[in-house]
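Asker: Now for the letters of each chain:
Protein chains: 4
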Amino acid sequence: MEHAKPLPSYLVQRYHGWKATSYAQNESWYRHLGAEGQHPRAMIISCCDSRVHVTSIFGADQGEFFIHRNIANLVPPYKPDGNQHGTSAAVEYAVTALKVAHLVVLGHSQCGGVQGCIDMCKGDAPQLESKESFVGRWMDVLRPGYEAVADVAEGPEQARALEKQSILVSLGNLMTFPFVQNRVASGDLSLHGLWHNIGEGGLEAYDPKTGVFEQV
Amino acid sequence: MEHAKPLPSYLVQRYHGWKATSYAQNESWYRHLGAEGQHPRAMIISCCDSRVHVTSIFGADQGEFFIHRNIANLVPPYKPDGNQHGTSAAVEYAVTALKVAHLVVLGHSQCGGVQGCIDMCKGDAPQLESKESFVGRWMDVLRPGYEAVADVAEGPEQARALEKQSILVSLGNLMTFPFVQNRVASGDLSLHGLWHNIGEGGLEAYDPKTGVFEQV
Amino acid sequence: MEHAKPLPSYLVQRYHGWKATSYAQNESWYRHLGAEGQHPRAMIISCCDSRVHVTSIFGADQGEFFIHRNIANLVPPYKPDGNQHGTSAAVEYAVTALKVAHLVVLGHSQCGGVQGCIDMCKGDAPQLESKESFVGRWMDVLRPGYEAVADVAEGPEQARALEKQSILVSLGNLMTFPFVQNRVASGDLSLHGLWHNIGEGGLEAYDPKTGVFEQV
Amino acid sequence: MEHAKPLPSYLVQRYHGWKATSYAQNESWYRHLGAEGQHPRAMIISCCDSRVHVTSIFGADQGEFFIHRNIANLVPPYKPDGNQHGTSAAVEYAVTALKVAHLVVLGHSQCGGVQGCIDMCKGDAPQLESKESFVGRWMDVLRPGYEAVADVAEGPEQARALEKQSILVSLGNLMTFPFVQNRVASGDLSLHGLWHNIGEGGLEAYDPKTGVFEQV
Numbered sequence: 530m531e532h533a534k535p536l537p538s539y540l541v542q543r544y545h546g547w548k549a550t551s552y553a554q555n556e557s558w559y560r561h562l563g564a565e566g567q568h569p570r571a572m573i574i575s576c577c578d579s580r581v582h583v584t585s586i587f588g589a590d591q592g593e594f595f596i597h598r599n600i601a602n603l604v605p606p607y608k609p610d611g612n613q614h615g616t617s618a619a620v621e622y623a624v625t626a627l628k629v630a631h632l633v634v635l636g637h638s639q640c641g642g643v644q645g646c647i648d649m650c651k652g653d654a655p656q657l658e659s660k661e662s663f664v665g666r667w668m669d670v671l672r673p674g675y676e677a678v679a680d681v682a683e684g685p686e687q688a689r690a691l692e693k694q695s696i697l698v699s700l701g702n703l704m705t706f707p708f709v710q711n712r713v714a715s716g717d718l719s720l721h722g723l724w725h726n727i728g729e730g731g732l733e734a735y736d737p738k739t740g741v742f743e744q745v
Numbered sequence: 530m531e532h533a534k535p536l537p538s539y540l541v542q543r544y545h546g547w548k549a550t551s552y553a554q555n556e557s558w559y560r561h562l563g564a565e566g567q568h569p570r571a572m573i574i575s576c577c578d579s580r581v582h583v584t585s586i587f588g589a590d591q592g593e594f595f596i597h598r599n600i601a602n603l604v605p606p607y608k609p610d611g612n613q614h615g616t617s618a619a620v621e622y623a624v625t626a627l628k629v630a631h632l633v634v635l636g637h638s639q640c641g642g643v644q645g646c647i648d649m650c651k652g653d654a655p656q657l658e659s660k661e662s663f664v665g666r667w668m669d670v671l672r673p674g675y676e677a678v679a680d681v682a683e684g685p686e687q688a689r690a691l692e693k694q695s696i697l698v699s700l701g702n703l704m705t706f707p708f709v710q711n712r713v714a715s716g717d718l719s720l721h722g723l724w725h726n727i728g729e730g731g732l733e734a735y736d737p738k739t740g741v742f743e744q745v
Numbered sequence: 530m531e532h533a534k535p536l537p538s539y540l541v542q543r544y545h546g547w548k549a550t551s552y553a554q555n556e557s558w559y560r561h562l563g564a565e566g567q568h569p570r571a572m573i574i575s576c577c578d579s580r581v582h583v584t585s586i587f588g589a590d591q592g593e594f595f596i597h598r599n600i601a602n603l604v605p606p607y608k609p610d611g612n613q614h615g616t617s618a619a620v621e622y623a624v625t626a627l628k629v630a631h632l633v634v635l636g637h638s639q640c641g642g643v644q645g646c647i648d649m650c651k652g653d654a655p656q657l658e659s660k661e662s663f664v665g666r667w668m669d670v671l672r673p674g675y676e677a678v679a680d681v682a683e684g685p686e687q688a689r690a691l692e693k694q695s696i697l698v699s700l701g702n703l704m705t706f707p708f709v710q711n712r713v714a715s716g717d718l719s720l721h722g723l724w725h726n727i728g729e730g731g732l733e734a735y736d737p738k739t740g741v742f743e744q745v
Numbered sequence: 530m531e532h533a534k535p536l537p538s539y540l541v542q543r544y545h546g547w548k549a550t551s552y553a554q555n556e557s558w559y560r561h562l563g564a565e566g567q568h569p570r571a572m573i574i575s576c577c578d579s580r581v582h583v584t585s586i587f588g589a590d591q592g593e594f595f596i597h598r599n600i601a602n603l604v605p606p607y608k609p610d611g612n613q614h615g616t617s618a619a620v621e622y623a624v625t626a627l628k629v630a631h632l633v634v635l636g637h638s639q640c641g642g643v644q645g646c647i648d649m650c651k652g653d654a655p656q657l658e659s660k661e662s663f664v665g666r667w668m669d670v671l672r673p674g675y676e677a678v679a680d681v682a683e684g685p686e687q688a689r690a691l692e693k694q695s696i697l698v699s700l701g702n703l704m705t706f707p708f709v710q711n712r713v714a715s716g717d718l719s720l721h722g723l724w725h726n727i728g729e730g731g732l733e734a735y736d737p738k739t740g741v742f743e744q745v
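Chains as they are written, first to last, in our numbering: chain R, 530 to 745; chain W, 530 to 745; chain Y, 530 to 745; chain X, 530 to 745.
Since the hints were derived computationally from the structure, they do not count as laboratory data.
A few of these clues could be false.
What the hints assert, rightly or not - So the derived list for chain Y, only partly shown, Cβ under 7 Å to chain X, looks like this:
1) Trp-547
2) Tyr-559
3) Gly-563
4) Gly-722
Unchecked claim - Lysine-lysine pairs mimicking DSSO-like chemistry, simulated, CA-CA at most 30 Å apart:
5) X:Lys-660 / X:Lys-608
6) W:Lys-651 / R:Lys-608
7) W:Lys-738 / W:Lys-628
8) X:Lys-628 / X:Lys-608
9) R:Lys-660 / R:Lys-608
10) Y:Lys-534 / X:Lys-738
11) Y:Lys-660 / X:Lys-628
12) R:Lys-660 / W:Lys-608
13) Y:Lys-548 / X:Lys-738
14) W:Lys-534 / W:Lys-548
15) R:Lys-660 / W:Lys-628
16) R:Lys-608 / W:Lys-608
17) W:Lys-608 / R:Lys-651
18) Y:Lys-651 / Y:Lys-608
19) Y:Lys-660 / Y:Lys-608
20) W:Lys-660 / W:Lys-608
Unchecked claim - Restraint-style ranges between C-beta atoms, simulated for each label pair:
21) R:Asp-736 / Y:Ala-553: 46 to 56 Å
22) Y:Pro-707 / X:Gly-740: 37 to 47 Å
23) W:Pro-673 / Y:Gly-716: 44 to 54 Å
24) X:Glu-743 / Y:Ala-553: 13 to 23 Å
Cβ atoms here follow ideal geometry from the backbone N, Cα and C, with glycine treated the same way.
Just need the whole structure built from these sequences, with the hints factored in.
Answerer: The structure is reproduced here in structure tokens:
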């Protein structure tokens with residue numbers, strides 16, 4: 530692999546700083562994690578967005594959350610066709626091997642992927658409609674969500690509504706996986722939908738009784 | 530979505546703690562991120578493993594790293610077949626929309642996905658070979674890596690060797706994406722391979738000159 | 530401009546070393562910065578003193594901090610009189626054009642400018658009192674700070690107290706700029722006061738609750 | 530000063546990392562600098578731009594460069610009118626108190642201040658022409674430079690030409706300070722003009738013989 534470059538020096542410096550402080554202070558816990566394996570309590574499905582750090586919001590330590598991150602925190606429907614499904618593999622591993630107790634889908638404000646989906650569905654982003662567009666094909670997962678918000682006034686309100694649909698669509702698709710269904714039915718697994726407002730530091734949870742997201 | 534449950538109270542409590550402290554202290558930066566969008570310097574492709582927090586190791590703030598996490602930090606080869614490829618979508622978005630400067634593949638010790646790949650390739654995990662196994666099909670991406678380490682003595686040494694192959698296979702596959710190739714060729718994008726030792730707090734970087742991973 | 534001289538050869542040599550190493554390793558990030566512009570998170574107002582490198586203390590990469598440096602890290606009060614105010618221009622650009630989230634005033638120990646202010650205010654430095662003394666007139670900004678520490682025992686203790694006043698006077702003057710006031714009021718900008726002990730490697734932050742600087 | 534906020538936690542973390550590594554490894558030098566004062570070899574006049582770190586380019590250690598940074602690395606003409614001139618104060622302190630041997634004006638590519646000057650001089654930025662615009666009044670220093678490049682084709686070429694004029698205007702203004710003139714005449718001080726290309730990592734020095742900037 531001749532294309533790899535050395536790590537930028539400022540990252541090397543920061544790593545050594547981490548090693549000498551955070552690692553040194555928690556060495557016994559890191560050693561425990563290395564030797565005993567992981568036993569996370571929850572799987573988080575979050576966006577790749579650089580502004581969303583679920584470990585920060587929940588003060589999480591190493592070992593607490595098994596975290597999958599993809600564009601717009603989407604889970605495609607169950608489709609065991611023998612092809613590669615990275616998100617489905619992560620869900621399967623968390624639920625059947627790690628036996629996590631919680632599956633949390635965490636959406637967020639100002640999501641570029643969600644905005645791309647709106648543009649595509651409105652016909653404003655032809656480049657996303659080509660077969661070659663990985664982002665476009667990935668956002669196809671969210672098309673049913675767009676149908677649900679197509680009547681909302683265009684602009685920030687619609688974007689916010691679709692961000693929340695991205696959570697509900699993913700939760701709905703999670704329930705199409707037999708191993709998720711089974712553990713939810715037996716009470717061994719619970720699903721949660723959260724939406725994070727980056728600028729305001731807000732956190733809203735989906736309440737199935739009212740059918741809306743409420744500030745926690 | 531009638532299956533969603535309220536957020537566990539200990540997470541609600543921690544969220545309020547974060548809001549009152551970290552958020553309150555950095556409110557202006559969060560507002561900036563919400564209003565001005567993200568401009569991350571790098572994309573990190575890391576494992577879902579709960580023990581690996583790249584933001585901690587590199588003292589990263591919100592906004593610095595665009596992070597995709599999947600099982601065993603794998604990137605499948607370029608395959609624009611119109612199907613859903615979450616990893617390819619994340620790479621496409623980071624490279625063509627965000628124009629990140631660095632693509633870092635971060636592997637780690639004691640990787641459960643890598644161990645599963647070894648078991649499967651050795652014939653010890655028939656359940657992973659079924660078409661229905663999402664984890665098995667996902668680990669197919671790493672089969673060429675297993676070929677490279679099949680002769681290493683079984684056990685921890687082989688696992689470690691395959692963990693490092695997971696990084697090299699991903700870096701190699703990244704170079705099959707035309708938009709990655711182009712930006713690497715023009716000097717606008719650099720690739721990096723890192724392996725993290727959880728228990729020891731170690732960090733090794735792949736050096737293309739020597740062909741081995743060296744402690745940074 | 531006939532007076533310019535060639536660059537000393539040791540600096541030429543060091544530049545070529547940087548180009549072949551740090552630049553080469555981070556070429557993609559530098560290209561990104563050149564093409565995409567700067568998006569710094571914070572403005573730092575620091576002293577020109579050769580011993581104070583804020584980028585080192587905070588492991589900062591190119592692009593993170595917009596840095597203004599002048600004698601004794603002073604900000605004069607808001608005075609839009611049509612004359613040239615380099616510090617005010619830098620603050621205006623950072624706050625209104627770059628929309629930084631943080632404004633950090635960083636003072637330090639053994640500050641020569643602060644010592645000059647003490648000498649001048651005590652009558653021991655008549656040369657600083659002439660209209661022709663740029664340093665003297667610049668240190669006039671700190672005279673209100675001297676009044677606050679005039680009763681402290683002369684010597685290192687008083688110097689340290691005035692170094693901290695240089696930070697508080699600057700923070701107070703920053704709040705006289707309407708565009709700073711507005712963004713602080715809206716939560717989009719936060720102010721911070723830091724004092725760095727050069728010899729000890731210490732860092733103290735001003736705590737408005739206690740009214741004193743505390744080691745971070 | 531009730532408006533100061535605590536330092537963001539990621540900066541606290543990075544500081545502790547620095548203290549435990551860079552500081553710890555160089556403690557004796559830091560202690561020396563604290564106890565013995567600064568003896569810098571050169572004064573650098575650079576831009577506040579977050580992408581330009583002269584200490585990085587020249588591999589400079591703490592104590593080597595006395596650094597003044599303002600918008601567009603400008604030095605106004607000598608004007609001892611009793612008002613506050615932060616740049617003139619910094620130059621006076623470096624030349625008469627520290628007796629630096631070199632005065633280096635370092636300009637750079639993609640300078641936002643220089644672009645603002647072009648917009649203002651062309652009549653495209655009326656907001657910069659108001660008496661209240663600190664940036665506009667500061668960029669007045671560069672108006673003579675604009676006259677010199679008014680005939681260059683608009684766009685990147687003109688911007689680059691004016692970036693280099695910002696260096697030459699500053700060098701010219703430096704020679705209006707009597708204490709600079711005297712030390713240049715006696716051979717105790719030399720002036721240097723440098724222009725840095727951010728994306729390319731280039732460094733060009735002004736050559737008074739040819740009247741152009743040449744790659745060093």
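Asker: Hints first: check each against the structure and report whether it holds.
Answerer: So, going through the hints one by one against the coordinates:
1. Taken as an interface hint, Y:Trp-547 checks out: its beta carbon lies about 5 Å from the nearest beta carbon of chain X, inside 7 Å.
2. Here the hint on Y:Tyr-559 is kept, as its CB sits about 6 Å from the closest CB of chain X, short of 7 Å.
3. For Y:Gly-563, the interface hint holds, the least distance from its beta-carbon to any beta-carbon of chain X being 2 Å, beneath 7 Å.
4. For Y:Gly-722, the suggested interface contact is upheld, since its CB lies about 5 Å from the closest CB of chain X, less than 7 Å.
5. Distance hint between X:Lys-660 and X:Lys-608 is fulfilled; the C-alpha atoms sit about 20 Å from each other, no more than 30 Å.
6. With a C-alpha separation of about 26 Å, the suggested pairing of W:Lys-651 with R:Lys-608 holds against the 30 Å cut-off.
7. Pair hint W:Lys-738 plus W:Lys-628 holds up; C-alpha atoms about 27 Å apart against a cutoff of 30 Å.
8. For the proposed pair X:Lys-628 and X:Lys-608, the alpha carbon gap of about 21 Å is at most 30 Å, so the pair holds.
9. As the CA atoms of R:Lys-660 and R:Lys-608 are separated by approximately 20 Å, the hinted pair is consistent with the 30 Å bound.
10. Restraint check for Y:Lys-534 and X:Lys-738: satisfied, since their Cα atoms lie roughly 10 Å apart, inside the 30 Å limit.
11. Among the hinted pairs, Y:Lys-660 with X:Lys-628 is consistent with the structure: their alpha-carbon atoms are about 21 Å apart, no more than 30 Å.
12. With a C-alpha separation of about 10 Å, the suggested pairing of R:Lys-660 with W:Lys-608 holds against the 30 Å cut-off.
13. For the hint linking Y:Lys-548 to X:Lys-738, the alpha-carbon distance of about 26 Å falls within 30 Å, and the restraint holds.
14. Note on W:Lys-534 and W:Lys-548: the hinted pairing holds, with a Cα-Cα distance of about 22 Å set against a maximum of 30 Å.
15. The hinted pair formed by R:Lys-660 and W:Lys-628 meets the criterion: a straight-line CA distance of about 22 Å does not exceed 30 Å.
16. Proximity of R:Lys-608 to W:Lys-608 is assessed by CA-CA distance (about 18 Å); at most 30 Å being required, the pair is judged to hold.
17. As the CA atoms of W:Lys-608 and R:Lys-651 are separated by approximately 26 Å, the hinted pair is consistent with the 30 Å bound.
18. At most 30 Å may separate the alpha-carbon atoms for a hinted pair to count; Y:Lys-651 and Y:Lys-608 meet this at roughly 27 Å.
19. With a C-alpha separation of about 20 Å, the suggested pairing of Y:Lys-660 with Y:Lys-608 holds against the 30 Å cut-off.
20. For the hint pairing W:Lys-660 with W:Lys-608, the CA-to-CA distance comes to about 20 Å; that is within 30 Å, so the pair holds.
21. Taken as a hint, the range 46 to 56 Å holds for the pair R:Asp-736 and Y:Ala-553, whose Cβ atoms sit roughly 54 Å apart.
22. The hinted range of 37 to 47 Å is satisfied by Y:Pro-707 and X:Gly-740, whose Cβ atoms lie roughly 44 Å apart.
23. Evaluation of the 44 to 54 Å hint for W:Pro-673 and Y:Gly-716 yields a pass: the beta carbon distance comes to about 52 Å.
24. At roughly 22 Å, the beta-carbon separation of X:Glu-743 and Y:Ala-553 lies within the given 13 to 23 Å, and the hint holds.
When each numbered hint is compared with the structure, no violation occurs for any of them.
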